[in-house]
Amino acid sequence: MRAAAEPQADDLILSIREVKKHYPIREGALQRVVGHVRAVDGVSFDIRRGQTVGLVGESGCGKTTLGRVIAALADPTDGGVHYSMDGAMCRIDRLEGKAARTFRRNCQMVFQDSYASLNPRHLVIDLVGRPLKVYNEAASSDLVERVVELLDQVGLGRQHLYRYPHQFSGGQRQRISIARALALNPEVIVLDEPTSALDVSVQAQILNLLNDLQKERNLAYLFVTHDLSVVRHMADRLVVMYLGKVAEAGETQAIFDSPHHPYTRELMAAKPDMEAEANVEIRGLEGTVPDPARPPQGCRFHTRCELATSACGWEVDDVVRWLEDAPGMFEHLVGVERTTEFAAELAFDTEEAAGLLSMAVRSEQVPEAMRAAMRRLNLDGTKVEIEFEDVGEVELTARDDGRMAACVLAPQEVASWKSP
Amino acid sequence: MTDVQQTRIAAGAMTADTAFRVRMRRLFGVLQGMASNPATVIGLVVIALMLVMAIFAPWILEPNSPDPYQMPRDWGAVRKPPGTPGHPLGTTNEGGDVLYGVIWGSRTSLQLSLMVVGSTMIVGTIVGSIAGLVGGWVDEVLMRLVDVFLSIPELIFALAIAAVLGPSFGNIILALAVVLWVKYARIMRAQVLQIKQHDFVDAARVIGDTKLNIYLRDILPNAVTPVTVQATLDMGNVVLIGATLSFIGLSEAGIAEWGVLVSEGQAGIASGRWWASTFPGLMIFLWALAFNLVGDGLRDALDPRTEGR
Amino acid sequence: MLDAQHGAAPVASVRDLKVYFQTKRGIVHAVDGVSFDIRDGETLGLVGETGCGKSVTGRSFLRLLPVPPGIQAGGSVMFNGHAVCAACAGVGCGACGSTGRQAGRDSSVDLLGISSEDMRRIRGDRIAMIFQDPGKALNPTLPIGAQIAEVFFQHRTEELIALAGLPADTAGAIRRFASQSPRFGDGWLLALPGARAQRRQVEAALAKMVASALAETQVPNPVKLMARYPHELSGGMRQRVMIAQALACNPDLLIADEPTTALDVTVEARILELIRDLQQRRKTSVLYISHDLSLVRRISDRVAVMYAGRIVEIGATAEIFANPRHPYTRGLMAAAPSADTPRGKLAAIRGTVPELVDPPSACRFLGRCPHEAGACRSNDPALQVVAPGHSVACFIDHPAPSGERPTYDRVTA
Numbered sequence: 001m002r003a004a005a006e007p008q009a010d011d012l013i014l015s016i017r018e019v020k021k022h023y024p025i026r027e028g029a030l031q032r033v034v035g036h037v038r039a040v041d042g043v044s045f046d047i048r049r050g051q052t053v054g055l056v057g058e059s060g061c062g063k064t065t066l067g068r069v070i071a072a073l074a075d076p077t078d079g080g081v082h083y084s085m086d087g088a089m090c091r092i093d094r095l096e097g098k099a100a101r102t103f104r105r106n107c108q109m110v111f112q113d114s115y116a117s118l119n120p121r122h123l124v125i126d127l128v129g130r131p132l133k134v135y136n137e138a139a140s141s142d143l144v145e146r147v148v149e150l151l152d153q154v155g156l157g158r159q160h161l162y163r164y165p166h167q168f169s170g171g172q173r174q175r176i177s178i179a180r181a182l183a184l185n186p187e188v189i190v191l192d193e194p195t196s197a198l199d200v201s202v203q204a205q206i207l208n209l210l211n212d213l214q215k216e217r218n219l220a221y222l223f224v225t226h227d228l229s230v231v232r233h234m235a236d237r238l239v240v241m242y243l244g245k246v247a248e249a250g251e252t253q254a255i256f257d258s259p260h261h262p263y264t265r266e267l268m269a270a271k272p273d274m275e276a277e278a279n280v281e282i283r284g285l286e287g288t289v290p291d292p293a294r295p296p297q298g299c300r301f302h303t304r305c306e307l308a309t310s311a312c313g314w315e316v317d318d319v320v321r322w323l324e325d326a327p328g329m330f331e332h333l334v335g336v337e338r339t340t341e342f343a344a345e346l347a348f349d350t351e352e353a354a355g356l357l358s359m360a361v362r363s364e365q366v367p368e369a370m371r372a373a374m375r376r377l378n379l380d381g382t383k384v385e386i387e388f389e390d391v392g393e394v395e396l397t398a399r400d401d402g403r404m405a406a407c408v409l410a411p412q413e414v415a416s417w418k419s420p
Numbered sequence: 001m002t003d004v005q006q007t008r009i010a011a012g013a014m015t016a017d018t019a020f021r022v023r024m025r026r027l028f029g030v031l032q033g034m035a036s037n038p039a040t041v042i043g044l045v046v047i048a049l050m051l052v053m054a055i056f057a058p059w060i061l062e063p064n065s066p067d068p069y070q071m072p073r074d075w076g077a078v079r080k081p082p083g084t085p086g087h088p089l090g091t092t093n094e095g096g097d098v099l100y101g102v103i104w105g106s107r108t109s110l111q112l113s114l115m116v117v118g119s120t121m122i123v124g125t126i127v128g129s130i131a132g133l134v135g136g137w138v139d140e141v142l143m144r145l146v147d148v149f150l151s152i153p154e155l156i157f158a159l160a161i162a163a164v165l166g167p168s169f170g171n172i173i174l175a176l177a178v179v180l181w182v183k184y185a186r187i188m189r190a191q192v193l194q195i196k197q198h199d200f201v202d203a204a205r206v207i208g209d210t211k212l213n214i215y216l217r218d219i220l221p222n223a224v225t226p227v228t229v230q231a232t233l234d235m236g237n238v239v240l241i242g243a244t245l246s247f248i249g250l251s252e253a254g255i256a257e258w259g260v261l262v263s264e265g266q267a268g269i270a271s272g273r274w275w276a277s278t279f280p281g282l283m284i285f286l287w288a289l290a291f292n293l294v295g296d297g298l299r300d301a302l303d304p305r306t307e308g309r
Numbered sequence: 001m002l003d004a005q006h007g008a009a010p011v012a013s014v015r016d017l018k019v020y021f022q023t024k025r026g027i028v029h030a031v032d033g034v035s036f037d038i039r040d041g042e043t044l045g046l047v048g049e050t051g052c053g054k055s056v057t058g059r060s061f062l063r064l065l066p067v068p069p070g071i072q073a074g075g076s077v078m079f080n081g082h083a084v085c086a087a088c089a090g091v092g093c094g095a096c097g098s099t100g101r102q103a104g105r106d107s108s109v110d111l112l113g114i115s116s117e118d119m120r121r122i123r124g125d126r127i128a129m130i131f132q133d134p135g136k137a138l139n140p141t142l143p144i145g146a147q148i149a150e151v152f153f154q155h156r157t158e159e160l161i162a163l164a165g166l167p168a169d170t171a172g173a174i175r176r177f178a179s180q181s182p183r184f185g186d187g188w189l190l191a192l193p194g195a196r197a198q199r200r201q202v203e204a205a206l207a208k209m210v211a212s213a214l215a216e217t218q219v220p221n222p223v224k225l226m227a228r229y230p231h232e233l234s235g236g237m238r239q240r241v242m243i244a245q246a247l248a249c250n251p252d253l254l255i256a257d258e259p260t261t262a263l264d265v266t267v268e269a270r271i272l273e274l275i276r277d278l279q280q281r282r283k284t285s286v287l288y289i290s291h292d293l294s295l296v297r298r299i300s301d302r303v304a305v306m307y308a309g310r311i312v313e314i315g316a317t318a319e320i321f322a323n324p325r326h327p328y329t330r331g332l333m334a335a336a337p338s339a340d341t342p343r344g345k346l347a348a349i350r351g352t353v354p355e356l357v358d359p360p361s362a363c364r365f366l367g368r369c370p371h372e373a374g375a376c377r378s379n380d381p382a383l384q385v386v387a388p389g390h391s392v393a394c395f396i397d398h399p400a401p402s403g404e405r406p407t408y409d410r411v412t413a
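Chains as they are written, first to last, in our numbering: chain A, 1 to 420; chain B, 1 to 309; chain C, 1 to 413.
What the hints contain is simulated information worked out from the structure, not anything from laboratory work.
Among these hints, one or two may not hold up.
[What the hints assert, rightly or not] In silico DSSO-like pairs for lysine-lysine, Cα to Cα no more than 30 Å straight-line:
| # | chain 1 | residue 1 | chain 2 | residue 2 |
| --- | --- | --- | --- | --- |
| 1 | A | Lys98 | B | Lys211 |
| 2 | C | Lys224 | C | Lys283 |
| 3 | A | Lys383 | C | Lys224 |
| 4 | B | Lys211 | A | Lys215 |
| 5 | C | Lys136 | B | Lys196 |
| 6 | A | Lys418 | A | Lys383 |
| 7 | B | Lys196 | A | Lys383 |
| 8 | B | Lys211 | A | Lys133 |
| 9 | A | Lys215 | C | Lys345 |
With the rest of the complex left out, here is chain A (with noise of 0.2 Å):
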């Protein structure tokens, strides 16, 4: 119903390729390295004209950290965005001189918190005005003007040129954040939860404005939020993140009406619509995300999916995890001995826990799937062999109508579930 037209190749202006953005982790007095944290891990779409890719998920997904690469505030540890230019695609990290300019206007971003991201000491004139001068678009003498002009698409007026941003409500000021982002006549703004800091009722009049400026100019937006409903009203196709991954990619409306992952669907069962009858059964996520620094094997989710079967990347780690949150259980641990990320040996301090714990993972305490996963299970005195089944990384697969999920599971499993 809001597909727009079929989009042609020249439509295209930015193309994120296997993006990753790792940050070290360092320790000690020699800052050594230890670990990164894989904010971003290998994130592939494309941003049309005049389109909206919405980019959904959890704190921590990684969703604004991709947002800050594709804005070029921050360099893709790998991979790249390429941007359309002269029919050529360029990486951006890689242009120089004249056609770094160029990408720079084209690509612009409205941040979340409009108070941090406006100069406090610097008047509006001086904030809407400043892309202009530093592009030498106008002349001290109709800079004026054009700022003028520029408020008056958004809302504002004359009036406002000469006064500091602490003097406007919230809602004001993310509207001189976007006449700020609109001043160069842009290609693609990058949307960083532009309006989580909202009222609902000042939310609705910065959604519609942004929704006619995309049509007056043919803007692409990226649109970075964690809130559904939002990005439901807002995005041509939408990009579900987990864990610095893409869960799952397609167009917006297909992807509310059958969602492919499991987690794309929990995310929608977490917060109906107003609409929704009253005694919808609300339903939120078992456990904690896991650290990025250390993702789960296999499918990133498996650790808090109800539908997660053997074949989802159970390891070592879950068991380990599972023994953090049974009582009086961790304490006895005394040492992981891993062959592979699927393979170990625990060894803990007394017979006794041992037994438990191989019994444990027998038994009902942990989940189905994680016991059939389970190839080989050896309980020797205090020690507990353990060995899981191999399983790659759950690839991003195509599906029908342009679908992309990365799960193992058929859509119909995943639409059919009910929850117990």
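Assemble chains B and C onto chain A, guided by the hints.
Same frame as chain A, now just chains B and C:
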């Protein structure tokens, strides 16, 4: 209503003027904030009087020739108490007029504090900015250097430098400048590191502004507040330390400087000749106190928590 | 969804509450004449946008507002604490109708009028509060267990002594230890062999109480959690700890100030479930403050909509959502994007919340209301009943003293 009025005003050539007026109003707001604190007002009044005294010194008392910063000697009237005709505040052991020392000493002190604070503030701001902006090993090296400086008590450090360079008033200025810049470097670095994180710096990068511009327009203006406050406090402190160094004889003898006068007069206190030390001592006290009061007031007035309310 | 027929007295009644703030621009009327009841065992949702006074109202219950700049300009907050059933000590038995409460022995106090010491006794014991940011509300230097233990030290000394197996008339250093009010020299006294054993008993009893309080919030491995520090926990886990702390003493009233706003939706759903579950099991009354209508709809029995320091509409949740009367309530509901709003056609409410310095004697929604008429400009509408248990402050539903009345049919925006 005001909106409509402003709309009429804000056209064409008037615009630069409007922006200027708005900025002035903000500055005025800060001054108003300071004026609402009586202690700050007292400090400002004292500083104003001192400045008047320093500026108009040649008209108040005829300058000594050839060097007006040397105490005039009246060998006919040594150790005279206050109230002596021609010497309202008395004279020193060598017949120096205490009033002349007090008045021309304010010029010396102003010179001292302006030169020391001015140079240290500039050097410290530059070093701190470089450390904060560049980071990495540059930051490490600069900050370890600062740590070394800070690990030695400033008075002892300044004393050592001044002693090596030889006793002269110029060397006291140099010694203090060498010692005091580190404070500014440290404050500035912390500020730059913090402000660098702000979204408005990222916003300027997204626009494509140059690094220098981002520093000059976004980082520096938002970072200078604590540096300014520190500088105001130091205007007073510098005179205190300078006086201490002069007092222990690291300045030329006979110079019209409060610390030197206190030093010269202290021998006579036991014999009841209190005046030669007391009047310049009082000036040092008032000077330091006034700048501290204003510094505190400035800090409160510029506090971001109260700004813009 | 209990209604006015509910026999018991409300657990709290706010009457004409006024809280002002002194600012440079003048006196801001943050809360300007708010009256409502929180019925026994119900969840009342208090919704509104930023700056409408909902948090200030919530904080007034525990007098957690800084004075100055806050000014307690009038009104009262009557709180009717319950007496614990003597037969079952609050567990629930036949004698008290499994409410755990002794009928007829309730005491009523004005929370705005009592002494600070009395207030301290009520805080955390009879009325507890959870906040939006559990990261800030927890002390970063203390382990979780110690923070929850404080509540027991403050309010449950007797129980602690009983649970430790010590006689009820235990006095001296041990009692002081169990109420966290050490005196000089207690350190030595407690180090004496006899006292040391008793102290261990108290500590063990305390650990048991803390662990069971944490277990209530369905955290895995509560004993291990007790030794951890707030920064080691995720946001959802910290919020669970806060809830455990708040409900540790089985309060009569829980004030939840946007407890899930800082959390992810998936975690939010769990926390909501937890609060609802605990509320139903313990029959605690809850004042749930939020800006999120869809969330309040899910958790509350009744809803009060606040705008600009006033309650503009109050009633049973189902009634309010099925039949919203105030234009502001309607505006809020329409502004949230839903599945079939055409893009760019969200029903925004124009303008922003007015500054509440010297509010004029007119409807506060004036200037933003799509239906405003003459009556709204010259009169200030008060809450009036439009249906059983449903009150609205708008001239659309009740007669105005003068001027033309607004109607839904006429859009004047």
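Verification of the supplied hints:
1. A/Lys98 / B/Lys211: Holds: A/Lys98 and B/Lys211 sit about 17 Å apart, inside 30 Å.
2. C/Lys224 / C/Lys283: 29 Å, holds
3. A/Lys383 / C/Lys224: Answer holds: A/Lys383 to C/Lys224 is near 23 Å, not above 30 Å.
4. B/Lys211 / A/Lys215: 34 Å, violated
5. C/Lys136 / B/Lys196: Holds: C/Lys136 and B/Lys196 sit about 24 Å apart, inside 30 Å.
6. A/Lys418 / A/Lys383: 39 Å, violated
7. B/Lys196 / A/Lys383: 52 Å, violated
8. B/Lys211 / A/Lys133: Holds - the C-alpha atoms of A/Lys133 and B/Lys211 are around 15 Å apart, at most 30 Å.
9. A/Lys215 / C/Lys345: Holds, at roughly 13 Å.
When the structure is compared with the earlier hints, violations turn up for hints 4, 6 and 7 and for no others.
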